[in-house]
Amino acid sequence: MIARLFNFRGGVKPVSHKNESSATPIVKAPLPPRLVIPLRQSIRSTARCLVQPGQRVLKGEHIGEGEGPLGTSVHASTSGTVVEIASFPMAHASGLETPSVVIEPDGEDRWIDHAPLDYRNVSRNAALAYLRNSGIVGMGGAGFPTHVKLGNGSGIDTLVINGAECEPWITCDDRLMRERAAEVLSGATILRELIGARRVLIGIEDNKPEAITAMRAAASGVGDTLEIVPVPTLYPAGGEKQLIRVLTGIEIAQGKLGADFGVQCFNVGTAQAVHRAIHHGEPLLSRIVTLTGNVAHPGNYEVLLGTPVDALLKLAGPKADTDRYIMGGPMMGIDLQSLKVPVVKGTNCVISASPALFPPPPPELPCIRCGACARACPADLQPFELYWFSRAKNFGKTQEYHLFDCIECGCCAFVCPSRIPLVDYYRFAKSEIWARERDLKASDQARDRFEFRNFRQEREKEEKAAKLAAKAAETRAKLADGTSAGAAEAPPPVSDEDPKKALIAAALARAKQQKAAVTPQNTEDLSPETQAEIDEIEARREKLND
Amino acid sequence: MLTALLIMTGIAIVLGAALGYASIRFKVEGDPLVEKIDAILPQTQCGQCGYPGCKPYAQAISNGEADINQCPPGGEEGIRKLADLLGREFKPLSEEHGHEKPKSVAFINEQLCIGCTLCIQACPVDAIVGAAKQMHTVVSPLCTGCELCVAPCPVDCIAMVPVGETVETWKWKYPVIELRPAA
Ligand code: SF4
Ligand code: SF4
Ligand code: SF4
Ligand code: SF4
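Protein chains in written order, with the UniProt record's numbering: chain A, 1 to 546; chain B, 1 to 183.
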């Protein structure tokens, strides 16, 4: 039992709008006519494509191999034919396109052979690699690979499972906990064992009593390493640092992570996906998406990854006056630029917005330095200072004021009496700073390469000069020695009866000497491995010449 | 009187020696001002400023031979930073040295390339790979967009292609400010 809950600083209480979509059970969305599966699942890495147009794939088949330390695998969400590999808009604020695999389902939904993993009898690394190959990433929105978050298996005391779901309108985690509580708990247990934590705390906002009851019922037999904790409803209680603070009282310093304090946090959806992967051998192929807002049938749908949003929206039936669509919640979500965007692993909600539900923001007024934003900020920042410096493009100062600790929760903009779109300024400043860092890296590299090239040209000049000097010296020596020059340098046994042979031998010797004189200088002090490699190549060449 | 003189002279000698030692022991390599200026310059190495590379231009600025507004790739922002560093007035980019352009990289049409190696010799950052009578190609992440390889190509097969925006390089736009007088 944890003794008491703590408070985090700041926070706001927007109207929750949860009842619209939370009443009805999860419905399985029908197969769309086409699935568009992006190879880039997050901004961090793009998977390498493993299929070709025309190829038939089965449900759960590998179609993309994760690249780099933050890559995870990509799978076909159903069986069918790959019709093309082309660029499609991705679920990102930019609306830019990314290479995607388009699959036309055959309607059979036929699984590839798959088997559960007995994770207790394999090494920890094998289990993590298995999760990576199952494409498991954080499903709360950020999409960070789970196997990376599981770390090295030491130093974590408490595992926090995030069922807070604090953003208004979204209810996918609520329904998941109500209907699949046992799977979530099983996943939480796997995660606890893999990360080596002593206890699991599952935090759920107290505006979801049904979810709490369902989870408690499922947890009754699990033992006392796991606890379901209702937390007060206050946005953003589902923020990682905020939930950790509420449950454990640990205040995570600016610029630090929960793992530095022995706490790691996963979303309930991630836990359920881990359960499906380990105990059923199923990679991450679908997720639960809330369709709500200005629609006829709000609710939660189990959607195959890659289902385009426009196909999905038909199920909910947006009303006529819908003018824009938000992916994610109203506080942190992004406006969709195109409805061709597919559902990805981090898509928790699509809100149809109308001017009546989401009135256009009134024009912003000057900041009056009232400090309301600073009182609301859960990250303990001074939003108005950040705003001033971002607006003035004084990026150095924004970093001094810990811009990168801003979680873009929107509390500050929510309370601002001058209705300044504060978060837009922070996003602008952050991306400018990243761009500058990229430019700086590129220019440092260019400087190094330029200097090396100058050095190389210098060296080539010297080598050429040395070569010329050697030749001149040789000619001079020849002139001085008369005709016996060749014999003096290299005395091959010359027999008088074959003057032609002697001439050839002398020429060979000269060539050999010349070659020695112009040995490139970069072959001095080589490492033994490089030398061995060169020797091997020389041997091969010798053989070819024979 | 004499002792006072001696003491003062002694102190002067000791301090002088210490200073002399320090100036040798803690000698600063290179010219720090040139390094600072060079750090601001974009390292495109294009020579549009009239000097054979960014470092020589930095040297010239620090010697007072060149003005601060001669680098088109650095653009207005670069000039502002130089003005801040050197405590001078900002001035717009000098017309005769060129205009600020969106960043591009060179692209070699590999069908046309005859393998003359002239572009390799022109490239200041060794961003082109190829060999005599072989096809050449540009390693785009290394290309600074200096355009120095374009002119030497005898078959005009090098074009400058603007760098498109990707998800990694995409930036949030500056929020449009709509100020209304408080009623
Ligand atoms: S709440 Fe708005 S007006 Fe008040 S200090 Fe913050 S930014 Fe300024
Ligand atoms: S958006 Fe950033 S600055 Fe504003 S309240 Fe949230 S964390 Fe604080
Ligand atoms: S114009 Fe600018 S980028 Fe080009 S060489 Fe001169 S300083 Fe470098
Ligand atoms: S490839 Fe051409 S444009 Fe690019 S850096 Fe080299 S010379 Fe300049």
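Worth flagging that the hints you see were computed from the coordinates, not collected in a lab. Treat the numbers as computed from the prediction; the structure is a model and nothing was measured. The reader is advised that the hints may include incorrect statements.
Said to hold, decoys possible - Taking lysine-lysine pairs in the DSS-like style, the calculated list, with each CA pair at most 27 angstroms apart, reads: (1) A:K461 to B:K55; (2) A:K393 to B:K36; (3) A:K543 to A:K512; (4) A:K397 to B:K133; (5) A:K393 to A:K340; (6) B:K91 to A:K464; (7) B:K173 to A:K393; (8) B:K91 to B:K55.
Claimed, not checked - Which bits of chain B does chain A cover? Going by a derived footprint, with three or more residues having C-beta under 8 angstroms, they are: (9) 42-49; (10) 161-175.
The C-beta atom is built at its ideal place from N, Cα and C for all residues, glycine as well.
Here's how the hints hold up against the structure:
Our distance criterion of 27 angstroms between C-alpha atoms is met by A:K461 and B:K55, whose separation comes to about 21 angstroms. Our distance criterion of 27 angstroms between C-alpha atoms is met by A:K393 and B:K36, whose separation comes to about 22 angstroms. With a CA separation close to 20 angstroms, the supplied pair A:K543 and A:K512 stays within the 27 angstroms bound. This hinted pair does not check out: A:K397 and B:K133 have alpha carbons roughly 54 angstroms apart, beyond 27 angstroms.
Distance check on the hinted pair: A:K393 and A:K340 sit about 34 angstroms apart at the alpha-carbon level, beyond 27 angstroms; violated. Proximity of B:K91 to A:K464 is assessed by CA-CA distance (about 46 angstroms); at most 27 angstroms being required, the pair is judged violated. The suggested pairing of B:K173 with A:K393 holds, with an alpha-carbon distance near 12 angstroms, which does not exceed 27 angstroms. Between B:K91 and B:K55, the direct Cα distance comes to roughly 21 angstroms. Compliance with the 27 angstroms bound is thereby established for this hinted pair.
Using a Cβ-Cβ cut-off of 8 angstroms, 4 residues of the stretch 42-49 of chain B lie near chain A, which meets the minimum of three, so the contact claim holds. Taking a C-beta to C-beta cut-off of 8 angstroms, the stretch 161-175 of chain B contributes 11 residues in contact with chain A, enough for the three needed, and the coverage statement holds.
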